[in-house]
Amino acid sequence: GAVVSQHPSWVICKSGTSVKIECRSLDFQATTMFWYRQFPKQSLMLMATSNEGSKATYEQGVEKDKFLINHASLTLSTLTVTSAHPEDSSFYICSARDVQAANTGELFFGEGSRLTVL
Amino acid sequence: QQQVKQSPQSLIVQKGGISIINCAYENTAFDYFPWYQQFPGKGPALLIAIRPDVSEKKEGRFTISFNKSAKQFSLHIMDSQPGDSATYFCAASPNFNKFYFGSGTKLNVKP
Chain A
1 GAVVSQHPSW VICKSGTSVK IECRSLDFQA TTMFWYRQFP KQSLMLMATS
51 NEGSKATYEQ GVEKDKFLIN HASLTLSTLT VTSAHPEDSS FYICSARDVQ
101 AANTGELFFG EGSRLTVL
Chain B
1001 QQQVKQSPQS LIVQKGGISI INCAYENTAF DYFPWYQQFP GKGPALLIAI
1051 RPDVSEKKEG RFTISFNKSA KQFSLHIMDS QPGDSATYFC AASPNFNKFY
1101 FGSGTKLNVK P
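Going down the list, the sequences are from chains A and B.
Going by the working numbering, the first sequence wraps up at 118, each residue one higher than the last.
Going by the working numbering, the second sequence wraps up at 1111, each residue one higher than the last.
Misleading hints may appear alongside valid ones.
As the list claims (entries may be wrong) - Facing chain A, a subset of chain B residues (Cβ under 7 angstroms, in silico):
{"no.": "1", "residue": "1039"}
{"no.": "2", "residue": "1040"}
{"no.": "3", "residue": "1042"}
{"no.": "4", "residue": "1043"}
{"no.": "5", "residue": "1046"}
{"no.": "6", "residue": "1104"}
{"no.": "7", "residue": "1108"}
No lab work stands behind these hints: they were computed from the structure.
All C-beta atoms in this analysis are idealised placements derived from N, C-alpha and C, irrespective of residue type, glycine included.
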């Protein structure tokens, strides 16, 4: 199956610093990628929809200046958590749809990135 | 407001038994209903999915039952195995534009 790679898989940072998480589709092109946040033992909450070559669409309540999303190419989207604080600690997961298989609806998920802000 | 409601929150099944997880939705614009399996520390993986034009879909030991009039769908895992122990999420999507996830069910299959 299609592979979505996330990097880093885990990161620890100090409060006030910024952290960038990369999401790559390794063997397919993705015009749309989705970023989710998952708290322990909870569901995936959609943060934003990332569209290649255009601005991301953020869900209600998600601060776009805090969570910067860039989708510079058909295989790469990045999420930057700016001025991170302990409450930003979470598991961040990206997903992507193969542009060639858009009608199947299948989402391919990355392995997730665990962020811990000290 | 949660778009997709999932139950139970946790489930314990004996090996060889049937695991059943239920989901309900309200938005009639949803037209794609996938189930995902997630192991600890990993991203979710698609298990099986159904469109509303059919009432059941079976793939191996996994079956989705779909009741359009009741706006409910369920996952049945036949002959449950310890390796099936994971968290299962149902989801719903309107034309694949966004995916709304249920709250998850943690399944524990006892040997």
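Does the interface hint hold: is residue 1039/B within less than 7 angstroms of chain A, judged Cβ to Cβ? Status violated, d = 10 angstroms.
Does residue 1046/B meet its interface restraint, that is, does its C-beta lie within less than 7 angstroms of any C-beta in chain A? Holds. Min distance 6 angstroms.
Please check whether residue 1104/B passes as an interface residue: C-beta within 7 angstroms of a C-beta belonging to chain A. 5 angstroms, holds
When the nearest CB of chain A is found for residue 1108/B, is that gap smaller than 7 angstroms? 14 angstroms, violated
Quick one, is the residue 1043/B hint okay against chain A at 7 angstroms, beta carbons? 4 angstroms, holds
Hint validity - residue 1042/B Cβ closer than 7 angstroms to any chain A Cβ: This interface hint holds because 6 angstroms falls under the 7 angstroms limit.
Hint check: is the beta carbon of residue 1040/B less than 7 angstroms from a beta carbon of chain A? 10 angstroms, violated
Hint violations for this structure: numbers 1, 2, 7, all remaining hints satisfied.
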